[in-house]
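Asks: Residues per chain are reported as follows:
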Amino acid sequence: MSVSPWVDAWRRFKRHRLAYWSLWLLGALVLAVLIGPIFYKVGINDIDFKARLAGPSVLHPLGTDDLGRDLLARVLYGGRISLAVGLAAMLMAITVGVLIGALAGISRGWVDTALMWLTDLFLSLPQLPLLLLLIFLFREPLKQAFGLEVGIFILIVVVIGGFRWMPVARLVRAQFFSLREKEFVEAARALGASTTRQVVRHILPNSLGPVIVAATIDVAAAIIAESTLSFLGLGFPPDIPTWGRILYDGRDYMDIAAHWALFPGIAIFLTVLTINFIGDGLRDALDPRRVL
Amino acid sequence: MFNYILRRVLIALPSLLGISAILYGVLALAPGDPFEELAQNPNVPPEVRLALRAQFGLDDPIWQRYFHWLVNMMRGDWGFSFVSRIDVDTLIMQRLPVTIAVIGMAQLLALLVAIPVGVLAAVKPYSWFDRIASSVAFIGFSLPTFFTGVLFILFFSIYLGWLPFVYRADLSETGFAWWVAQFKQSIMPITVLGLFQAASMMRYVRSSVLDVIRLDYVTTARSKGLAESVVINKHVVRNALIPVVTLVALQMPAVFGGAIVTEQIFRIPGIGSLLIDAILRNDTPVIMAVTFVFSTLVIVFNLIADILYGWLDPRISYS
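Quick note, the sequences are listed as chains A and B, same order. Residue numbers 14 to 305, in the numbering used here, belong to the letters of the first sequence in order. Residue numbers 130 to 448, in the numbering used here, belong to the letters of the second sequence in order.
There may be inaccurate statements among the hints.
As the list claims (entries may be wrong) - Far from chain B, some chain A residues (derived; all Cβ distances over 12 Å):
hint, residue
1, Trp37
2, Lys54
3, Ala101
What the hints assert, rightly or not - Derived lysine to any residue pairs resembling SDA-like cross-links, with alpha carbons at most 20 Å apart:
hint, chain 1, residue 1, chain 2, residue 2
4, A, Lys156, B, Leu409
5, A, Lys27, B, Val341
6, B, Lys253, B, Asn368
7, A, Lys27, B, Arg260
8, A, Lys27, B, Tyr255
9, A, Lys156, B, Leu156
10, A, Lys156, B, Val309
11, A, Lys156, B, Leu355
These are calculated hints, taken from the structure and not from any lab test. Since this is a predicted model, take the numbers as computed values, not measurements. Glycine included, every Cβ here is placed at the ideal spot set by N, Cα and C.
Working from the sequences, and respecting the hints, build out all of it.
Replies: What follows is the structure in structure tokens.
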């Protein structure tokens with residue numbers, strides 16, 4: 014009976030079979046991307062002239078591209094970038110979302126009205142065109158300020174994160190509205206807890222469940238957004254092989270070297286699918302209403 | 130009803146103004162100069178460049194420039210494309226119908242797939258049909274449109290050789306053959322976009338029907354002895370689809386994003402591919418105008434959804 018809520022949630026999570034197996038598959042993917050390059054010592058820019066556009070073989074497990082560069086090495090390297098972008102953009106979106114949602118939920122009145130108007134405005138912005146516009150405008154200055162890779166990384170993370178906070182803000186605000194009227198918060202208030210203490214100790218921890226679910230889904234959305242940008246030729250520069258970029262480069266050779274576009278696409282698909290399933294499992298596990 | 134529509138329009142207008150202000154602000158805050166290209170061009174003397182700057186009012190304060198731009202946009206003077214050498218509004222009007230047609234057909238396809246599948250899945254929740262449909266939907270929205278597009282081209286154009294993978298606006302066929310060719314080249318883009326939409330829409334329909342089917346009035350309808358098909362079609366689906374209207378409208382920004390990608394993959398000459406071309410060629414007036422058109426379309430679709438919602442749901446008061 015005295016099981017901690019986290020153990021309880023883990024039990025319910027395991028009952029969602031697809032989510033459970035997705036966790037293992039995603040774990041394997043992340044592990045491969047993180048430690049794979051330590052064991053698989055082929056450089057991403059090593060050129061093998063004898064095997065250009067070659068299909069999968071023992072020497073090159075995922076084949077090679079038009080310059081004879083090894084695709085496995087490039088896909089592993091690209092995975093690091095895609096996952097890093099996904100996680101960083103998620104953190105950005107969640108931070109902004111929780112801050113705005115909490116601020117609106119606790120202050121109500123005109124602050125709430127103004128913040129929700131802003132949220133609705135952001136929700137009705139056409140995201141991809143604006144993403145493209147921002148990247149077009151700010152790419153060069155950031156490249157000069159922080160260097161090529163870091164500049165583009167910051168830009169993409171901030172821009173993707175800046176367009177994903179709205180659902181979280183709404184979620185947190187709704188949670189705050191219902192939680193601040195609950196008895197345990199009222200009790201804390203009656204005991205003389207300050208607003209900050211009510212929020213940090215009582216309301217925020219209890220509104221964490223839906224935020225965790227949203228955070229999971231946001232990682233997948235950010236990975237798709239980054240790949241989309243790269244696929245449109247407006248993400249990372251060509252010499253940095255992200256999954257979207259490899260797919261974009263390989264698309265022109267689909268008739269003679271289909272593997273080139275297929276493998277990075279499968280990598281994106283598997284990552285996004287497993288993250289989405291895990292999010293679904295977490296929703297079942299963390300939903301306090303526990304509909305099963 | 131008229132008051133309700135008027136109020137909705139009055140709410141939509143500030144949003145449009147807000148978006149235009151954000152757009153203009155972003156452009157004004159961005160470092161770089163639209164006349165930078167001219168500065169690097171040795172054939173243009175500096176005096177001409179400065180005169181051009183003054184002529185376009187680039188040295189005025191920002192609010193004045195914004196106001197000036199806004200007035201021009203409303204008068205239909207959208208500027209001049211640096212690359213294509215024609216007016217931006219002419220360029221966009223050439224491209225817009227294709228985009229609207231592709232998005233419209235894709236939405237139609239999505240509705241035709243999502244509503245029946247979602248309703249069937251919800252009528253028997255956790256049955257084998259529901260499990261398969263839900264899993265396929267999950268796979269559907271985990272597959273980014275650019276990857277599905279590539280897979281479709283690989284299978285239908287390259288492996289089977291059935292469908293062309295480049296969309297051509299100037300088909301040489303006439304009469305009936307034109308329709309056949311048009312149909313063949315439209316199948317893949319519309320399916321790619323439509324199925325992606327259908328996947329998330331199906332989940333909305335399913336959960337919405339599940340919410341309604343438990344309500345008391347449905348039990349009443351059943352106990353009156355109505356046939357199950359009548360209960361589902363006339364009592365459940367009608368009410369369940371009301372919230373779906375809003376959710377579909379909220380999806381519009383994502384739809385336009387998908388349309389840009391689809392247009393790029395299949396080389397459809399719509400405003401999405403116009404935007405990408407303009408960005409790759411630094412054609413600022415076109416970029417601004419297309420982004421603004423996309424924003425306007427999103428707001429217009431939200432407005433339509435709001436009005437539809439009020440019309441469909443009599444519980445909403447018009448006063």
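Asks: Among all the numbered hints in the text so far, which are the ones the structure does not match?
Replies: 5, 10 and 11
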